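For the record, the sequence lines run as chains X and B.
Heads up: the first sequence is residues 1 to 294, going by the working numbering.
Heads up: the second sequence is residues 1 to 421, going by the working numbering.
Source of the hints: derived by calculation from the structure; they are not laboratory data.
Treat the hints with care, since some could be wrong.
List time: in silico BS3-like cross-link candidates among lysine-lysine, alpha-carbon distance up to 27 angstroms [to be verified]:
(1) Lys253(X) - Lys294(B)
(2) Lys71(B) - Lys254(X)
(3) Lys253(X) - Lys272(B)
(4) Lys336(B) - Lys254(X)
(5) Lys253(X) - Lys310(B)
(6) Lys253(X) - Lys98(B)
(7) Lys239(B) - Lys253(X)
(8) Lys253(X) - Lys129(B)
(9) Lys98(B) - Lys254(X)
(10) Lys209(B) - Lys254(X)
Listing some non-contacts, in silico: residues in chain B with all C-beta distances to chain X over 10 angstroms [what the hints assert, rightly or not]:
(11) Gly101
(12) Lys209
(13) His311
Just so it is clear, the structure is predicted and the values come from calculations on it, not from any experiment.
Backbone N, C-alpha and C define an ideal beta-carbon position, used for all residues, glycine too.
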Amino acid sequence: MGHSRYLGLLYLAPYIIGLLVFTALPFLASLYLSFTDYGLMNAPAWVGADNYLHLFTRDRTFMRSLSVTLIYVATTVPLKLAFALFIAAILNYKLSFINFFRTAYYVPSILGGSVAIAVLWRYIFAEAGLVNMALFAVGLDPVNWLGDPDLALFTITLLRVWQFGSAMVIFLAALQSIDKSLYEAAAIDGAGKATTFIFVTLPLITPVIFFNLVMQMVQAFQEFNGPYIIFNNGGPLKAAYLLPLYIYEEAFKKFEMGYASAIAWVLFVIIMVLTVVAFVTSRKWVYYAGDKRS
Amino acid sequence: MTKHSRLATALVASTAFLALASAASAADLRMSWWGGDSRHVATQEALKVCGAKYGHTVAAEFTGFQGHLEKLTAQIAGGTEADIVQVNWPWLPLFSKKGDGFADISQLKGFDLSQFDPAQLQSATIDGKLNGVPVSTTGRVFLFNKDVFDKAGLPLPKTWDELIADAKVFKEKLGPDYYPFEAIILNALLIVQLVTEQATGKSMVDPEKMVINWTPEELRKGIEFYQNLVATGAIRPWKVAAGEGKVELFEMKAWADGKIAGSYEWDSTYSKYADPLKGQKLVPAEPLVIADAKTPGLYRKPSMVFSISKHSKNPEAAAQILNCLLNEPEGVSILKLSRGIPTSKAAYEALKASGDIKGPVAEANAIVMATDGPAVTPFDEDPRVRDVFQSTLESVAYEQISAADAAVEMIDQWNDILSRL
Numbered sequence: 001m002g003h004s005r006y007l008g009l010l011y012l013a014p015y016i017i018g019l020l021v022f023t024a025l026p027f028l029a030s031l032y033l034s035f036t037d038y039g040l041m042n043a044p045a046w047v048g049a050d051n052y053l054h055l056f057t058r059d060r061t062f063m064r065s066l067s068v069t070l071i072y073v074a075t076t077v078p079l080k081l082a083f084a085l086f087i088a089a090i091l092n093y094k095l096s097f098i099n100f101f102r103t104a105y106y107v108p109s110i111l112g113g114s115v116a117i118a119v120l121w122r123y124i125f126a127e128a129g130l131v132n133m134a135l136f137a138v139g140l141d142p143v144n145w146l147g148d149p150d151l152a153l154f155t156i157t158l159l160r161v162w163q164f165g166s167a168m169v170i171f172l173a174a175l176q177s178i179d180k181s182l183y184e185a186a187a188i189d190g191a192g193k194a195t196t197f198i199f200v201t202l203p204l205i206t207p208v209i210f211f212n213l214v215m216q217m218v219q220a221f222q223e224f225n226g227p228y229i230i231f232n233n234g235g236p237l238k239a240a241y242l243l244p245l246y247i248y249e250e251a252f253k254k255f256e257m258g259y260a261s262a263i264a265w266v267l268f269v270i271i272m273v274l275t276v277v278a279f280v281t282s283r284k285w286v287y288y289a290g291d292k293r294s
Numbered sequence: 001m002t003k004h005s006r007l008a009t010a011l012v013a014s015t016a017f018l019a020l021a022s023a024a025s026a027a028d029l030r031m032s033w034w035g036g037d038s039r040h041v042a043t044q045e046a047l048k049v050c051g052a053k054y055g056h057t058v059a060a061e062f063t064g065f066q067g068h069l070e071k072l073t074a075q076i077a078g079g080t081e082a083d084i085v086q087v088n089w090p091w092l093p094l095f096s097k098k099g100d101g102f103a104d105i106s107q108l109k110g111f112d113l114s115q116f117d118p119a120q121l122q123s124a125t126i127d128g129k130l131n132g133v134p135v136s137t138t139g140r141v142f143l144f145n146k147d148v149f150d151k152a153g154l155p156l157p158k159t160w161d162e163l164i165a166d167a168k169v170f171k172e173k174l175g176p177d178y179y180p181f182e183a184i185i186l187n188a189l190l191i192v193q194l195v196t197e198q199a200t201g202k203s204m205v206d207p208e209k210m211v212i213n214w215t216p217e218e219l220r221k222g223i224e225f226y227q228n229l230v231a232t233g234a235i236r237p238w239k240v241a242a243g244e245g246k247v248e249l250f251e252m253k254a255w256a257d258g259k260i261a262g263s264y265e266w267d268s269t270y271s272k273y274a275d276p277l278k279g280q281k282l283v284p285a286e287p288l289v290i291a292d293a294k295t296p297g298l299y300r301k302p303s304m305v306f307s308i309s310k311h312s313k314n315p316e317a318a319a320q321i322l323n324c325l326l327n328e329p330e331g332v333s334i335l336k337l338s339r340g341i342p343t344s345k346a347a348y349e350a351l352k353a354s355g356d357i358k359g360p361v362a363e364a365n366a367i368v369m370a371t372d373g374p375a376v377t378p379f380d381e382d383p384r385v386r387d388v389f390q391s392t393l394e395s396v397a398y399e400q401i402s403a404a405d406a407a408v409e410m411i412d413q414w415n416d417i418l419s420r421l
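Chain X extracted, bound-state conformation:
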């Protein structure tokens, strides 16, 4: 018994060592560094809470970046979830070539995180890009998507929403697992399609909505590729200057590693608090099979 326990630990050792060395240690180190003045070339000097005080009292760029990030997450996540659910609901019907469509709609997610797609997005929304050509074709004036501070964030929001495939696949699996007899019962009771969707389908897939909500929120807070590749310096007037971009520039362009660590920890706390809020509130709106409330 004892021997097999050690053997198990031995098998787990590569993972545990990797976790400790490459995740836990840097995680804790960054917490320590966030309380220091550390420029890589000098030894970290303890400055207490100075980095955090500076962030919240004197750093206008941080406040700008934080508000841009919160707006981005608040718009991207609901839009993406709604769009993914909408497409999943359509793909749940028995249509001709349905497997082809399911694959086709998933493809953007496979490509979505890549640099190439962000480059493509830049050309699509450029002044002489595909979108403006389409607008021109229908007699509308071109729009300065990438140069207008009011529209810059919207373009990267669309990029994120377009990568709805993974959320869609999970929604589709949830929709397919719903017992058909419930729909039959609803139909006998005279429920229409919209009523059935709102009162039967949605409550039954709330665990999956919750899962997608948390995952998409965390991913949206970490968005980097889109704004980095599409815009110079976070977009016009830093309109698309998301926090991960700010962390990167502070750490690797200005060598303010201590300060960058402080920003990273603020971002971490925000994600953690919102995730906890989501979990706490989920008790009121998420229904699991076998739940006494259902």
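Assemble the complex: chain X is given as a structure, and chain B must be docked to it using the hints.
Structure of chain B alone, referenced to chain X:
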């Protein structure tokens, strides 16, 4: 002294000599650099030849420019950098604030400093210690698409007033979307810097006192000059140019089509801007000047330096390799112009004699070398200084703040940054 003791002394002496000789002739070195394929191939070949000449082996470590700073920083922080490192000139103060970040090359015997202009060496000297040897000198030159100016019936401009007058002719003769020049982001701030230096004769940063040399009033005029270029149609508004996203000028269709007919670029990047202009001639030109300019204000600096690690176990051997690469025919004939027009007099003469220094790149570099301007300091390119310059100028371009407020804000923030550097 007895026969035996004489023999013993001779043996000890010869052993010591052999030990010293082998230490100098059989060092295992490393060299790191960034660059493109042609530079990688040439440098590896030169290292083989120079290594063989002095009996050293030199391992090559090379990457592209992207990410090189991060890699080098991590290596230097850990004391594991290569014996010979290629360092971007503005990075020197980041790695060697007090001059002790790299070996002092002036103290190493194997390197011939007489091939370099003292002013060039001074640009890589920190607190009296020569932290690197400038490999090549680069500077900003004006590049104009001559065919477009010909089409508009105009000679190439020599002053800013002429350029502004040309803008009107461009619109009338060629179309409303034709511009004689382009300046956003880095170019916008370099133009503000250029005209402010032309007007004042003063460099941006005083490296001795670590303060900005300009008054808010002087900088305000520079910013207003930029605004005037936009207002007169000499350059595209920032907002319009930003509508292209993160794209270099030479990648833009408007540049390839000749709708933008001029820019202010590094001399060594001439080919990048000339290549897309199929059938059109791109001409390097001397700096445009304002009326009553006190200096042409040319922005000239070492493009990069070769430094020797302070952790190197064989700095003398590294100095020998460095000398071979930069001053000796074996290295120079292989490296040629892979790092721009060489700063070393011996290398320059050798490449000129062999016919390797010719064409528009050489013309552009000749302009850079022949024109004056206040000394550029690495602090001009400090990322924090640049960030303030760029973001504040962008706010002016988007009409968020006035030129006067921007000037005060920039100088306050710059001085704050400089005081911490």
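Hints, one by one, checked against the model:
no. : hint                  : result
1   : Lys253(X) - Lys294(B) : violated (34 angstroms)
2   : Lys71(B) - Lys254(X)  : holds (14 angstroms)
3   : Lys253(X) - Lys272(B) : holds (25 angstroms)
4   : Lys336(B) - Lys254(X) : violated (34 angstroms)
5   : Lys253(X) - Lys310(B) : holds (24 angstroms)
6   : Lys253(X) - Lys98(B)  : holds (20 angstroms)
7   : Lys239(B) - Lys253(X) : holds (25 angstroms)
8   : Lys253(X) - Lys129(B) : holds (26 angstroms)
9   : Lys98(B) - Lys254(X)  : holds (18 angstroms)
10  : Lys209(B) - Lys254(X) : holds (22 angstroms)
11  : Gly101                : violated (7 angstroms)
12  : Lys209                : holds (22 angstroms)
13  : His311                : holds (14 angstroms)
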